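Asks: Read off the chains here:
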Amino acid sequence: MRLLRDGILDPAAINRLEQEVDEEVRSAAERVLRAALPEVGSIQRHVYSEDLDPTSEKLATPAVQTPDAQERTMADLINACMKDEMQRDARIVVFGQDVADTSHDQELRQGLVKGKGGVFKLTSGLQREFGADRVYNARLAEADIVGRAIGMATRGLKPVVEVQFFDYIWPAMHQLRNELSLLRWRSNGGYSAPVVVRVAIGGYLTGGSVYHSQCGESIFTHTPGIRVVFPSNALDANGLLRTAIRCDDPVLFFEHKRLYRETYGRAAYPGASFAIPFGKANLVRPGKDMTLITYGAVVPRALRAAQQASSELGLEVDLLDLRTLSPYDWEAIAISVKKTGRVIVAHEDMLSWGYGAEIVARIADELFEYLDAPVKRVAAMDTFVAYQPILEDAILPQPDDLFRAMAELGKY
Amino acid sequence: MAKTITASIEQGNAELYAGLTPAQLIRIYRLMYLSRRTDDREILLKRQQKIFFQVSGAGHEALLVAAGLALKPGYDWFYPYYRDRALCLTLGNTVEEMLLQSVGAASDVASGGRQMPSHWSNPRLHIVSQSSSVTTQCVQAVGCAEAGRYLAGHPAAAEQRPGDYSAFKATEFQGDEVVYVSLGEGATSEGEFWEAISSASNLRLPVLFVVEDNGYAISVPVEVNTPGGNISRLVANFPNFFFAEVDGTDPVESYAAFTQAVKHCRSGKGPAFVHGHVIRQYSHSFSDD
Chain H
1 MRLLRDGILD PAAINRLEQE VDEEVRSAAE RVLRAALPEV GSIQRHVYSE DLDPTSEKLA
61 TPAVQTPDAQ ERTMADLINA CMKDEMQRDA RIVVFGQDVA DTSHDQELRQ GLVKGKGGVF
121 KLTSGLQREF GADRVYNARL AEADIVGRAI GMATRGLKPV VEVQFFDYIW PAMHQLRNEL
181 SLLRWRSNGG YSAPVVVRVA IGGYLTGGSV YHSQCGESIF THTPGIRVVF PSNALDANGL
241 LRTAIRCDDP VLFFEHKRLY RETYGRAAYP GASFAIPFGK ANLVRPGKDM TLITYGAVVP
301 RALRAAQQAS SELGLEVDLL DLRTLSPYDW EAIAISVKKT GRVIVAHEDM LSWGYGAEIV
361 ARIADELFEY LDAPVKRVAA MDTFVAYQPI LEDAILPQPD DLFRAMAELG KY
Chain E
1 MAKTITASIE QGNAELYAGL TPAQLIRIYR LMYLSRRTDD REILLKRQQK IFFQVSGAGH
61 EALLVAAGLA LKPGYDWFYP YYRDRALCLT LGNTVEEMLL QSVGAASDVA SGGRQMPSHW
121 SNPRLHIVSQ SSSVTTQCVQ AVGCAEAGRY LAGHPAAAEQ RPGDYSAFKA TEFQGDEVVY
181 VSLGEGATSE GEFWEAISSA SNLRLPVLFV VEDNGYAISV PVEVNTPGGN ISRLVANFPN
241 FFFAEVDGTD PVESYAAFTQ AVKHCRSGKG PAFVHGHVIR QYSHSFSDD
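Same order as they appear, the protein sequences are chains H and E.
Take the first sequence: its letter number 295 is residue 295 in my numbering, and every next letter is one higher.
Take the second sequence: its letter number 254 is residue 254 in my numbering, and every next letter is one higher.
No lab work stands behind these hints: they were computed from the structure.
Note that the coordinates shown come from a computational prediction; the quantities given were computed from them, not determined experimentally.
Treat the hints with care, as some may be off.
Okay, derived cross-link-like pairs now, SDA-like style, lysine to any residue, Cα gap no bigger than 25 Å in a straight line [stated by the list, open to error]: (1) K50(E) with R26(H); (2) K169(E) with S273(H); (3) K269(E) with S103(H); (4) K411(H) with S310(H).
Use the sequences and the hints to build the structure in full.
Replies: And the structure:
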């Protein structure tokens, strides 16, 4: 009792102080017991931003013709979007493993090194243009990458960070699910962290094997508070990444590594403002007989199967590319199902408890009267992807699997 | 003897109380007592089933009030954990605000009734919303400090554009703000603690790590969690850090350490690590015995 020992306060003064405090606490308790409770109707507030709706039509901005008319890959147009956005917005910082051109910035300036810019070169040239304090390598620690991004975004910055492979997102899972997705809702809107996490995802790599081929998007669509985007082509990737960067919610931006440099889905550079709102599917090909709902690398495979179904069976498949998984375009699904009455939901991820299970359940519930047949799913086997290509080919859904499903459903 | 010491106090003898005046010592006591009595009141309310959870900061008060006095609310940033009641009171959270969270009231400034009591959050004071997960606040505190440095070096980042997220997020920085983050000694077992101090060390960030060592993680004693039983000995070789290990039940010793730690951080030399030995006077939470 230093105050007593050193003669700063005598026992009477201490008693008075303590009584004052006791009274402060007691009366505060009394007041709060009369405080109004939250309304049940407020529960959904602040799951996502109440200020900016990334599904809004107002965000849609058309592509413009530029002098650069050459067809570009998905990797190119993602890189172009990042460049354009970083020029526009000084708050964007980019970090992750290997995303810098080099951690020795001097060597870059002296022309001694080419520059890496990511294991798939998605961030190539960004450090060169914007500097080492805006584009830099992080330590080999995914939780650190995502967690620091959360802290930065809380202060108003826009971190666009990278998780090198979806297969290694798991160390960051705690930060993604318990922190990033939840911060706004748990603070009742007091804090938020609109971070973009870019992740290379998926297989069909011929030797990618267990730990470079994973999908698992349903785990994140099942986490309220985070948006999940999964484009299938270069133009969509560019326009959706723009929306992801400009929006006020955390976004998981899944980039299918097999699609990075495919011939399918290339497009000319659409200009620096091209944007696609979330929750808007793309009708890849129209058809009256059957609906196929999919996304990502299954889109080109489903298109091949649909073309085969048309020419060999006279079956016209209405092919919907969801593009964003959370939110997703229920309206487009309903329009299609009401038109065709037959549905296949297809995805690369494993069948059981996958993304398709949710869509199918909702179709069976809300569009039951429009169905002429059971709703089917085509997806990977319930195993991880094996190294030996003949095994991978059997595990992952192929155009043949999709064609067979279309044929069978057509006969029901 | 007492007369001599009192005279010294009146002369403002800096060494005796690490620069604290008698009025500040009284304030320290008041805040410690206020924290304890708030815990006691919550325990009473829990017994009456008027609140639904209780986790106390009893035994940690001295260290935390000292920290609060060495830092600036609304200027510095704070990532506390659930035993940091005394810190939050020192920074300016009121007892009423805390109890509103305990009863789950609509006007609860921290969470609108969505989080348990002692899950501090107060935007006005720069206390960032906490989860129940231990240690996850550490890497976030690092990012918060990085942002402060970035904003100071990039004035263009203050721009707000209509139609995108920046319209709703004003930025602010001071140039020398410190980010406080605290955790219990058991929580230093989590990998993210090591990720955070590594990044803070490498990047020389002004993050003040405070380990509140009460010897127990629920029922698990410190030597099971920490090899050698003392976290300070393990982290001692991280570059760029200011280190202090103190008796966290002595507010003056704690305050002396914090003022030095904060000075180190504000000067841009790097992060700081204050390891305070405290006691966990009550159980882990009301659900523990």
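Asks: Could you run down the list of hints and mark each one as holding or not?
Replies: Going down the list of hints, with the structure as the test:
no. : hint                 : in the structure
1   : K50(E) with R26(H)   : holds (14 Å)
2   : K169(E) with S273(H) : holds (21 Å)
3   : K269(E) with S103(H) : holds (21 Å)
4   : K411(H) with S310(H) : holds (14 Å)
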